[in-house]
Amino acid sequence: MSDQTVLVRPDAPGASLQRDMANAIRALAMDAVQLAKSGHPGAPMGMAEIAVALWAHHLSHNPGNPQWINRDRFVLSNGHGSMLLYALLHLTGYDLSIDELKRFRQLHSQTPGHPEFGLTPGVETTTGPLGQGFANAVGMALAEKLLAAEFNRPGHELIDHRTWVFLGDGCLMEGVSHEAASLAGVWRLSKLTAIYDDNGISIDGQVQPWFAEDTAARFRAYGWHVIGPVDGHDVQAVDEAITRSKLSDRPTLIVARTVIGHGAPNRAGTAKAHGEPLGDAEVAAARQALGWPYAPFVIPAQIYAAWNAREAGSQREARWQQRLAAYRAAYPPLAQLLERRLAGKLPEQFEATVSKAVARACEQREAVATRRASQIALEVLTAAVPELLGGSADLTGSNLTQTAATPPLRIDAAGRVNGGRHINYGVREFGMCAVANGLALHGGLIPYVATFLVFSDYARNAIRMAALMRQRVVFVMTHDSIGLGEDGPTHQAVEQLASLRLIPHLHVWRPADTVETTVAWAQAVKRSDGPTLLALSRQSVPFDEDAQRDPGLVARGAYVFREAPGGLAKARAVIMATGTEVALAVKAQAQLYQQGLAVRVVSVPSTTVFDQQDAAYKSAVLPEGLPRVAVEAGVTDGWWKYVRARGAVMGVDRFGESAPAAEVYQHLGLTVSQLVATVGEVVASH
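Quick note: the sequence shown uses the working numbering, first residue 1, plus one each step.
Derived from the structure by calculation, the hints contain no laboratory data.
Check the hints yourself; a few may be wrong.
Lysine to aspartate or glutamate pairs mimicking EDC-like chemistry, simulated, CA-CA at most 20 Å apart [what the hints assert, rightly or not]:
| no. | residue 1 | residue 2 |
| --- | --- | --- |
| 1 | Lys37 | Asp99 |
| 2 | Lys641 | Glu657 |
| 3 | Lys526 | Asp653 |
Per label pair, the in silico range of CB-to-CB distance [unchecked claim]:
| no. | residue 1 | residue 2 | range |
| --- | --- | --- | --- |
| 4 | Ala662 | Gln364 | 17 to 27 Å |
| 5 | Glu495 | Glu240 | 45 to 55 Å |
| 6 | Glu681 | Leu119 | 46 to 56 Å |
Quick reminder that beta carbons are idealized off the backbone N, C-alpha and C, glycines included.
Please model the entire structure based on the sequences and the hints provided.
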């Protein structure tokens, strides 16, 4: 029998000890928030018994190895209740000391206000923006399902774990939870269980006037198995509900009725318990009401012993390691592939594959839209990198993200996976990107997802969270400018590029041709310490056969695309451009030379990558003393740091128009003649 089929731990603590285990969570939450003079004690106090039921009876994990791949994933989507998670991690034996709990919400502690992935051992994802943790959990559960279908063999169920998520009213109000829940239902994620802390309170008070829908009915409509409501303060009732959830062939929502701040005599059940310290007097009164006589941050040895999961976790992982050894013996190539992917390493031939793809792009010299150049690159990459998992928000035929190696993913009514590697996410941009973050967090897959660039606004916070967590996710954003044309200003991206470049750790690429697009894709897939966004054109771009393309320099974010006629010594100015406007710069260079002005053309496929280069390289590309003119079909603000006061920027500081692309460019002044005139004026005034 696998660990996943064990329904209830045979040595589960008795009722009296379970009460003390729950109260230990309450006490730690009260004390840490009170000491910090900041935080949210209500949710940890209200969900303490739910935590006992799950963590003491069902959760398969190893505190001694938080990275064990077959561990259950636990997500606290209502991340403001972070002290619930920190208390559980500390009590069960993770490397999180009582001193760190005392440093709750303090500078450089391992216990920040909201859980942060990579900072605290045992934290699976960064939560706080409500609803996204739930969507991440959907991605984690999908990753488990896909990897199990790909790698498990009869008698060798190597990938076999569950995903658990706690969430509250706020998570369910956020639209992203609707998007993710709908997807989880059609994917039949039977190893996903969400436990809803139904306490009826948010910061503004009783939620009934603004949150009154039938949540259980809504989830049933999504195709979920719904249990409850159950008494969230009854460990046995929650335990039984969890046991039932593990038998379902669908994702499960357990509705647990609780009292926020349970145990605080005067603040329980009120908004006052939600987001502020209880106060010394109320903490003392809660201790008395709960029968908890211990000093702040003191946990008796017998309660620590009841919570400690290190030995059980170590044994659980040891049994799994035996299964892994048997799997290696029976299926050596599969085992090697799985371990490589779980380690986040790319195939040995990856660089050779990229070199061939770049060489092919140079040889074919195709004049295509960069979205099509992206698909050409993906055809090669998806065939060579099996962990690449694509997807689009109902725009597959426009985003061009599906390849011969990535047929559509389908999961039938019995939960069987067809082996597809391209997900139809539907019109759910935010949910799509948040689910992709969960896929990346799980490991073993490199997700890429796509929509129009203008709709990155729907998904922006999930993109930001990918950057905050430094996850390897590729966001493919096509139709990147006013070049979208007839669909007009509602669909024409203007400010999106500039705003996305402001997100720390997000690499933004806007390539100009097939070579730059291939290099951008290679860099995105290689990058293991953060996400990448590719902004790609709808309209075709020419392939300049005379450009100085060195893939190694392209990878540095900016390079000399065309040197000034006569060399740098003759150059009077530098034109900087990205994407479709590089062709504009090349035409302007030719006309300027006819007028006696030699200029260098610099392509800047990624300002965010170029900004990370050393000073010597930057000055080699953009020599001091030469005036600079930047041109891009977007807002101009971000370019002034390059051109400075004596340069100029040509862009679009307004919304677009509905017309054929060429007419929109002409109307908004993004023309060769205007660029020639602008460069002439800058040189004359320099």
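Outcome of the hint check:
Distance hint between Lys37 and Asp99 is fulfilled; the C-alpha atoms sit about 16 Å from each other, no more than 20 Å. Of the supplied pair hints, the one linking Lys641 and Glu657 is violated, its CA atoms being roughly 28 Å apart against a limit of 20 Å. Restraint check: the Cα-Cα separation between Lys526 and Asp653 comes to about 34 Å, which exceeds 20 Å; the hinted pair is violated. In this structure the supplied range 17 to 27 Å holds for Ala662 paired with Gln364, their Cβ-Cβ distance being about 25 Å.
Under the hint 45 to 55 Å, the C-beta atoms of Glu495 and Glu240, about 52 Å apart, fit the expected range. Distance hint check for Glu681 and Leu119: the Cβ-Cβ separation is about 51 Å, which falls inside the suggested range of 46 to 56 Å.
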